[in-house]
Structure formats: structure tokens, C-alpha cells
Amino acid sequence: MVTVNDYSGKIKPDWCPACGNFAQLSAIKNVLTELKIEPENVVVVSGIGCSSNLPEFIKAYGFHGLHGRLLPVASAVKWANRKLTVIGYGGDGDGFFEGTQHFFHTAKRNVDLTYIVSDNQIFGLTTGQASPTSEIGFISKTTPDGNIEKPVNPMTFALSAGATFVARSFSGDPKHLQEVVKKGIQHKGFSFIDVFSPCVTFNKTNTYDYFRKRVYKYEAKDPSNFEEAYRAVQEWGDRIPIGVFYQVKGQSYEDLDPVTAEETALTERPYRKLKPEDFEEFL
Amino acid sequence: MRDDEIIIRVAGAAGDGVQSAGQIIAKTFSRKGLNVMTYNYYQDIVRGGQSWYQVRASGGKVRSQGDGLDILIALNKDGVERHTNPDINEGGASPLTGIAIFDKSISGYTDRKVTYVPMPLSDLASKHSSFALMKNTVAIGAAMAATGVDFDTLSSVILDVFGKKGKVSEQNVSAAKEGYDYYLSNHKSIGKKLSFGNKRKYLIGGGEAVGLGAVRGGLKMYIGYPMTPASSALHYLAAHARDFGVFVKIPEDEISAINMTIGANYAGARAMTGSSGGGFSLMVEALGLAGMMEIPIVIYESQRPGPSTGLPTKTEQGDLNLVLGASQGDFPRIVLSPRDARDCIDLTSEAMNLAQEYQTPVIVMSDLYLSEHNETVDSIDPEFRVDDGNRPVDGEKDYKRYLVTESGISPRAIPGQKGLMHNEDSDEHDEYGDVVSDAETDPTKRVTMMDKRMRKLETFVRKMPPTETYMLADAEYAVIQWGSTAGVTEEAIDILRGKGHRIGAIEVNRVFPVNPDIGKLCSGKKKIIVVENNYSGQFNRLLKAELGLKTVLVRKYNGEAFYPSELAAMIEGEMR
Ligand SMILES: Cc1ncc(C[n+]2csc(CCOP(=O)(O)OP(=O)(O)O)c2C)c(N)n1
Ligand code: SF4
Ligand SMILES: [Mg+2]
Numbered sequence: 541m542v543t544v545n546d547y548s549g550k551i552k553p554d555w556c557p558a559c560g561n562f563a564q565l566s567a568i569k570n571v572l573t574e575l576k577i578e579p580e581n582v583v584v585v586s587g588i589g590c591s592s593n594l595p596e597f598i599k600a601y602g603f604h605g606l607h608g609r610l611l612p613v614a615s616a617v618k619w620a621n622r623k624l625t626v627i628g629y630g631g632d633g634d635g636f637f638e639g640t641q642h643f644f645h646t647a648k649r650n651v652d653l654t655y656i657v658s659d660n661q662i663f664g665l666t667t668g669q670a671s672p673t674s675e676i677g678f679i680s681k682t683t684p685d686g687n688i689e690k691p692v693n694p695m696t697f698a699l700s701a702g703a704t705f706v707a708r709s710f711s712g713d714p715k716h717l718q719e720v721v722k723k724g725i726q727h728k729g730f731s732f733i734d735v736f737s738p739c740v741t742f743n744k745t746n747t748y749d750y751f752r753k754r755v756y757k758y759e760a761k762d763p764s765n766f767e768e769a770y771r772a773v774q775e776w777g778d779r780i781p782i783g784v785f786y787q788v789k790g791q792s793y794e795d796l797d798p799v800t801a802e803e804t805a806l807t808e809r810p811y812r813k814l815k816p817e818d819f820e821e822f823l
Numbered sequence: 057m058r059d060d061e062i063i064i065r066v067a068g069a070a071g072d073g074v075q076s077a078g079q080i081i082a083k084t085f086s087r088k089g090l091n092v093m094t095y096n097y098y099q100d101i102v103r104g105g106q107s108w109y110q111v112r113a114s115g116g117k118v119r120s121q122g123d124g125l126d127i128l129i130a131l132n133k134d135g136v137e138r139h140t141n142p143d144i145n146e147g148g149a150s151p152l153t154g155i156a157i158f159d160k161s162i163s164g165y166t167d168r169k170v171t172y173v174p175m176p177l178s179d180l181a182s183k184h185s186s187f188a189l190m191k192n193t194v195a196i197g198a199a200m201a202a203t204g205v206d207f208d209t210l211s212s213v214i215l216d217v218f219g220k221k222g223k224v225s226e227q228n229v230s231a232a233k234e235g236y237d238y239y240l241s242n243h244k245s246i247g248k249k250l251s252f253g254n255k256r257k258y259l260i261g262g263g264e265a266v267g268l269g270a271v272r273g274g275l276k277m278y279i280g281y282p283m284t285p286a287s288s289a290l291h292y293l294a295a296h297a298r299d300f301g302v303f304v305k306i307p308e309d310e311i312s313a314i315n316m317t318i319g320a321n322y323a324g325a326r327a328m329t330g331s332s333g334g335g336f337s338l339m340v341e342a343l344g345l346a347g348m349m350e351i352p353i354v355i356y357e358s359q360r361p362g363p364s365t366g367l368p369t370k371t372e373q374g375d376l377n378l379v380l381g382a383s384q385g386d387f388p389r390i391v392l393s394p395r396d397a398r399d400c401i402d403l404t405s406e407a408m409n410l411a412q413e414y415q416t417p418v419i420v421m422s423d424l425y426l427s428e429h430n431e432t433v434d435s436i437d438p439e440f441r442v443d444d445g446n447r448p449v450d451g452e453k454d455y456k457r458y459l460v461t462e463s464g465i466s467p468r469a470i471p472g473q474k475g476l477m478h479n480e481d482s483d484e485h486d487e488y489g490d491v492v493s494d495a496e497t498d499p500t501k502r503v504t505m506m507d508k509r510m511r512k513l514e515t516f517v518r519k520m521p522p523t524e525t526y527m528l529a530d531a532e533y534a535v536i537q538w539g540s541t542a543g544v545t546e547e548a549i550d551i552l553r554g555k556g557h558r559i560g561a562i563e564v565n566r567v568f569p570v571n572p573d574i575g576k577l578c579s580g581k582k583k584i585i586v587v588e589n590n591y592s593g594q595f596n597r598l599l600k601a602e603l604g605l606k607t608v609l610v611r612k613y614n615g616e617a618f619y620p621s622e623l624a625a626m627i628e629g630e631m632r
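Same order as they appear, the protein sequences are chains L and V. Numbering of the first sequence is given in my numbering, commencing with residue 541 and proceeding in unit increments. Numbering of the second sequence is given in my numbering, commencing with residue 57 and proceeding in unit increments.
There may be inaccurate statements among the hints.
To be verified - What the simulated footprint calls covered on chain L by chain V, stretch by stretch (three residues with Cβ under 8 Å from a Cβ of chain V suffice, anywhere in the stretch; the number is not a length):
(1) 562-570
(2) 615-628
(3) 667-679
(4) 694-701
To be verified - Examples of chain V residues lying across from chain L (beta carbon under 8 Å, computed):
(5) R272
(6) I436
(7) D490
(8) Y526
(9) M527
(10) K600
(11) L603
(12) L605
Keep in mind the hints are simulated off the structure, nothing from the lab. Glycine included, each C-beta is placed from N, C-alpha and C at the ideal position.
The task is simple: from the sequences and hints, build the whole structure.
Spelled out as C-alpha cells, the structure:
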């Protein structure tokens, strides 16, 4: 029997007290436990940022890589051994600035992994600069007169790219967060979950209160309706929807590629011995 | 040029079928048991320009594209003009001294001291097909008749090349026969004594050899973004992906390619990526990630002249500084530089094991010259012992991913192994993999871990095989070369020996870390001459820094490879 304790690492998280990331860490541990997945079969891949420190705090296989590069690593881990449960975890700067191209293409490839973004609308680790999701007018160290660049909408981006699971949640609602993370991990294919995760230290605008006043739980009439989802994710302002906006079945990349499609994981297959016939084309 | 050796050049514009004509000739000779080496001179265009493809064949050793030109097949007037002109020197290539075969419709060229063989190529071709390129096949038939090779071998090659196309294949054989017979009835053989046999030789390209070597070395995933001249390996592996059970992927960019390669190896599947200098430049940050996390990766870096896009279809050895200096901080890296196709197979297999053994990046450095030419190898050994290196057993107590050891090598657990869960980190970490850089920066642990990682290089150096040499024992002068210039250097040495010079060569195919035995091999030599296909002598600088050698430099950086007589003259110039 897997218990939450099995996932507890010996390192105490170094996040500021009340940082949104704590909620995601608990949600991930709880869901993995609930789904009875053994820690040795879980790989958590992250980039660089406050959020990306998460693999250090969970007792599974952790990969704390480079800023913006978690998705290529996570994809290849899945391709190498499709029996593993692969979770990608990073920040908004990590995913929507430095790693934009990987986000787009991984979503489109529909690699079977769950990508959770701790979206605090700021660079936390580097002590408070405007991020790709910072709102217009947002004051930060790099935007002392207010941000003039429009924020990206990660949701429309993920939908346009062809993600097969697109959802949003809020650290301030652990129950909702856990439900969404569970659905994401259970989804076969690329699941994207954007989480409003307040940075209590550097973002004094997008606080818990800010979101508590605005977020409401969205229930899709038909989660496979792309147009409906695309419309829903654009609501912003006084009311901001959270929930699973879009979910469709689709073959994952590793199902489609004839080499990874085979039952046995690549890592478990014997090495291919060469035979003289392999060289015949050169004769 | 030797009597038992022949050089044939096919010249035309891009799109004229120069390369496929050359390849048929090359394969005909390798099937007759000759040693063959091809040379591809081309531009970065799909149509037009001037390109040529040269085939050198002999019963004796063939170690470079060679000097001299016996038969020219010119597919346009410019081809006739250019390759018969003694003053036009395509980066070192010889002008024609033998016969020029071309269509009789070509006229108005300068009359030079060569034998012109205008032939009704198009007329003969049109008897069998209206396809314009069919005249090339007629010309091939004629050239082959001139060398004295039997028609059956030529037709076997044509059938294999056009094989699946049925009718096209028969038409080509008929066209070749027209050319072959026409030449025999109207012209005489060029009088070479080629020692044809019947034992076929393998004719393989350097890029394919890298792919084959990787598979033999346990490759499971190849992830690469196309870039000349590294793409030949990618194409070979993609074509054989199912058969070899290798997952081949072109991702969104080289940053993704190397991070995927790292991810795959982290998870326990041997993976490799490849590119040229431009793509490698994008991989720089992640190279250090592999160094820090101690994840095995193999990178195939096939050089072309830079900077920037440079000369995309030309050759150079100008990326050594890049490869040695890439990424911040110090971490162990191993750089191998195959000399020829055989080395491409052997060293790539070896690289696959070395990466696992030392858990660090191994870079196989080739160049366009080596990656894109074909050469014969007598045999290919299918056997290779794949070794996964230091792996812990499931459930090991108090497992330390980065255990401090004398060799610097620690047990590497992979995801899925029970009880060995741990974190691998791009931040500095301790033996468990726990980060030491954030909360409580720990200078002692930092030094311990740096020393541990760097110790792997010392372990590697201790186990390095001796550096190979050529005619060095009694030599007064030593030439040092690295990578693909080995063959041409040997031929230059032969030329200089023929003139009475006591000279030999040190052939470096393990570039970094530098083998200390190179210093010993140089001791007592009158002069040490370093040969490099680049501007600044990048390897020369490394040798000076590492071994304190006093050297002189011979270099070429016009985009073409060295030619034997050219190199011999350059070396001789430095011997005075
Ligand atoms: C290539 C590279 N550029 C810049 C940095 C510096 N850096 C570290 S984290 C970070 C941004 C963090 O923001 P985000 O990804 O949103 O994560 P958060 O800290 O907010 O969780 C930056 C710019 C880096 N580590 N690597
Ligand atoms: S700086 Fe912000 S994001 Fe980083 S740990 Fe503190 S609260 Fe969390
Ligand atoms: Mg952030």
C-alpha cells in the first residue's frame, strides 16, 4: 500500500510560508497516493524557478534541469520508458518565456505526460520581475512604470497547439486543485494544468484574495467541444473560470511511433545485436 | 599517379545527376574488390552552380581523394572547360591529364592537352528512354569500358540502384551497354593495371558509419535536428529505425534535441544527438547539465566552415574551441575524432560505452569531408560488448547517487528501480543529489563534488590506449594531425619519404583529454608539424597548452580538404 508518507522527501521545502507551491506539492503527492502509483515509477521533471524546486521535496525520481527545458526531458523519459508516470512542473517564466517552443510542440505531439505550471504571474526566484502572464500595468522590478506588454493566455495557447487536456486551478482551493491534478494524471496524452499560485512575496497584485474574489468553478457542457472551450478560457476580469475546459481522446506520440508503440519499454528491450546482413546494403 | 590506381570525376551543375553517377562508378569498383574513396564537391543549391563528384580506386591503399585525374565525365560545357584547365584549381583538385567524355553537342571549348572523347550520349540514350539524365548512364558505360572493368559488375550495380523501378532499371542497363560498346568500338582503353578481384568491399559513408557504430554500441534513441553535414547519420538511422529498434526523432530545435537526449539517457535508454557547429552552439547550456547531473550523452558533431552559416557544403575542423569550451564551469568531457569510416564505426560504438562508464558527455567530432564521402572498409565486426557501467541494485541501503569514489564514478540508478528514488539536480548537490546551493551553501561539499566529477577525467586518461603513429619510429620530423586528415597525412608522408625525408605522423583520434603519450612520442624530433583544416590551429593551441610542445602549423581553411601532394609541399616548406 502506497501512503502519502512514501512520497515525503527528507528536504523541507524552502518556499516562503504560504507560497502557492505548497498546495501543488500536496496535491501531487495526494493524487499519486490515491492512484496507488509506486514512487519508483514516478518521474517529476522541472525547470528552474521557485516552483521548479519541487522535485527536491518529493520522494520519487526527480529531475531538476534547466530553465525552460523541462518538457523535452519529460518527453524523452516517457519515450524511453512508457511505464513511468511523468509529471512536468515549472513556472510561468519557465514555460511561457524560455520554453515556449517546447510547450507548443509537446502539446501538439500529445506526449503522455502531465504538465503543471505554477502560474504566479511573476519571476519568483529572481526576486520579482514581470513574467509572460503579468497583466498590463503590473509594477515590478523590471516594469517600474507598469507592464506594457500584453500577457499570454496559456490556455488558448495550449488549445491552439492541440493539447488534449487543458485545465486551470487555484492553489487557494486545494480540493479543486487535487481533483484537476488527478484528472490530468489519469488522462492519456498531454495534460496541461495552469495553476494560479500566488507569490506572496513579490506579487502584491495577484494575491489569494484577488483570486478568491474572482475564480468560479467552470463545468464544461461538453469537454470535447473545442469552440466552447476556446471561448470559456478567454473570460477574464471580475470573473475567472477554473476547471477542466477541454479533454479529448487522442493517440499519444509514443502510441503512434512504431518503435515506442511496442509493449515492452525501450529501456527493457535487449540491445540490438548486429548481423552481417545489416551491412549488406553497403556491398 | 600509380598505374594500379584510377581517378574519375563527374562534373556538372546541381540537378544534373552528378552524385548518383559518381556513386554508381564507386560501387562498381568496390564490387570488384578495389579500395575506393569518393569526394563530393558541391554547393548549397538544388539546381545550377558547379559541382563534381570524384571516385578514386585502387588495389592498393586509398586514403584520400588523391591527386591526378584520368577520366572526366563532363555533363556540360563548363565541366569540360573547367576541369581541363591547368590553372583552375578547385581548392586543390588536379586538372585532367587523361580523357574527357562528354556529349558531342558540346563545342567551343578551349583545346588543351587532353584526349577529347565527344560521344553521341544523348542519341544513344534516346534509343531507350526520353529521360534526359539517361545520357549520364551512357557516359558511365563509356567510362567503365575505358577502365576495363567488366560490364556485368556495372549492370549489377545499376540494377541495385534503380532496382525497384523495373523498367527504368532495364533502360539504364541498356543505356550503359550502349555507352560501353560504343567506347570499345571507337576508342582504346586508358591502359591502367587495375587489380580487379571478386571479393566485394563495403562502401560506406562516414555518417552512415557513425549511425552503424552507434547501433552496435546499444543506441535506442537518436534525436537530431537536420543540419549538414550531420544529417547523413540521421537519415541512415531514420531509414532503419524499425529494423534497428531505434526511436528517431526530429524535435523543434537542437536545445530540445539535447535535452531529450539527456532525458532518455537519464531514464536508461542509450540516446545520442547530432548536429554541426550551429546546432551544437544551441546545445551548449545543456551540455553542462549533463556534466553536472552526470548523465551519459553522446553528441555527434560534424564540422563545416563557420562562423555562422559559413560554408554549408564545405569542410573544416574549426569547431574544436567551441566543443572544448562549451558551457559554463568545469566538468569532464571526452572528445573523440575518427580518422576514417572504420574509426567512425569503432569510436562511435566506444563513445556509447564511454558515456555510460564515465556518466558524462562524449562528443564524436567529424567533419563534412569524413561525413559525406564514401570509402571502402574490408570488414565490419558485428560484435561489440555493450557495458552499462556502474549501476546499483534495487533497494540498496543508504543509496548515494553521487557517491564519492576514487575513480569519480558513482552508481547510477534509473527511474523504475525500487528504493533508489533520488533527485538529480542542475544545482550543485551532495552525494545524495540534495541541493547544496540554495539554503545553506556549503563550500566543503562543493569542492568534494567538483573534485569527484573531475577525477573521472584522470581515470579516463589512465585507461587511454596508446596514440597511433605512422612511420614514426625512425623519423626526424613528426607530423601531428587529428581526425579526418589522417589518410591524407599518411599519403603526404609517403611522398616525402619517397623524396628521402625521415618523417612520420602521430594520429590523434582521441582529442580530449589529451593523451600524455603524445609528448613522449614527440621527444627528440627535430621539428613537430601540426596539420589542421582550420584558420587558427585550434588543436595546435591545445597541444601547446597541455604538453608545452614547440610546434609549427600547417593549415588550410578554404573549405576544401587537403590533397596529398599539396599537403606534402606544405609540410616540406616547414621542414627547412
Ligand atoms: C538560461 C537561464 N536564464 C535565466 C535564468 C535565471 N532565472 C532563474 S529562475 C528565472 C525565472 C523564474 O520565474 P518562473 O519560471 O516564473 O518561476 P517562479 O520562480 O516564479 O516559480 C530566471 C529568469 C536561468 N536560471 N537560466
Ligand atoms: S518568492 Fe514567491 S514563488 Fe518564490 S517561494 Fe516565495 S512566495 Fe513562492
Ligand atoms: Mg513565476
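Verification of the supplied hints:
1. 562-570: It is violated: at least three residues are needed, and the region 562-570 of chain L offers just 0 whose Cβ sits closer than 8 Å to chain V.
2. 615-628: holds (count 8)
3. 667-679: violated (count 0)
4. 694-701: Three-residue rule not met by the region 694-701 of chain L, so violated; n is 0.
5. R272: Given a least distance of 5 Å, the restraint on R272(V) holds.
6. I436: holds, 5 Å
7. D490: holds, 6 Å
8. Y526: violated, 26 Å
9. M527: violated, 30 Å
10. K600: Interface hint status for K600(V): violated (34 Å vs cutoff 8 Å).
11. L603: violated, 35 Å
12. L605: Status violated, d = 38 Å.
The structure is inconsistent with the numbered hints 1, 3, 4, 8, 9, 10, 11, 12, although it conforms to all the rest.
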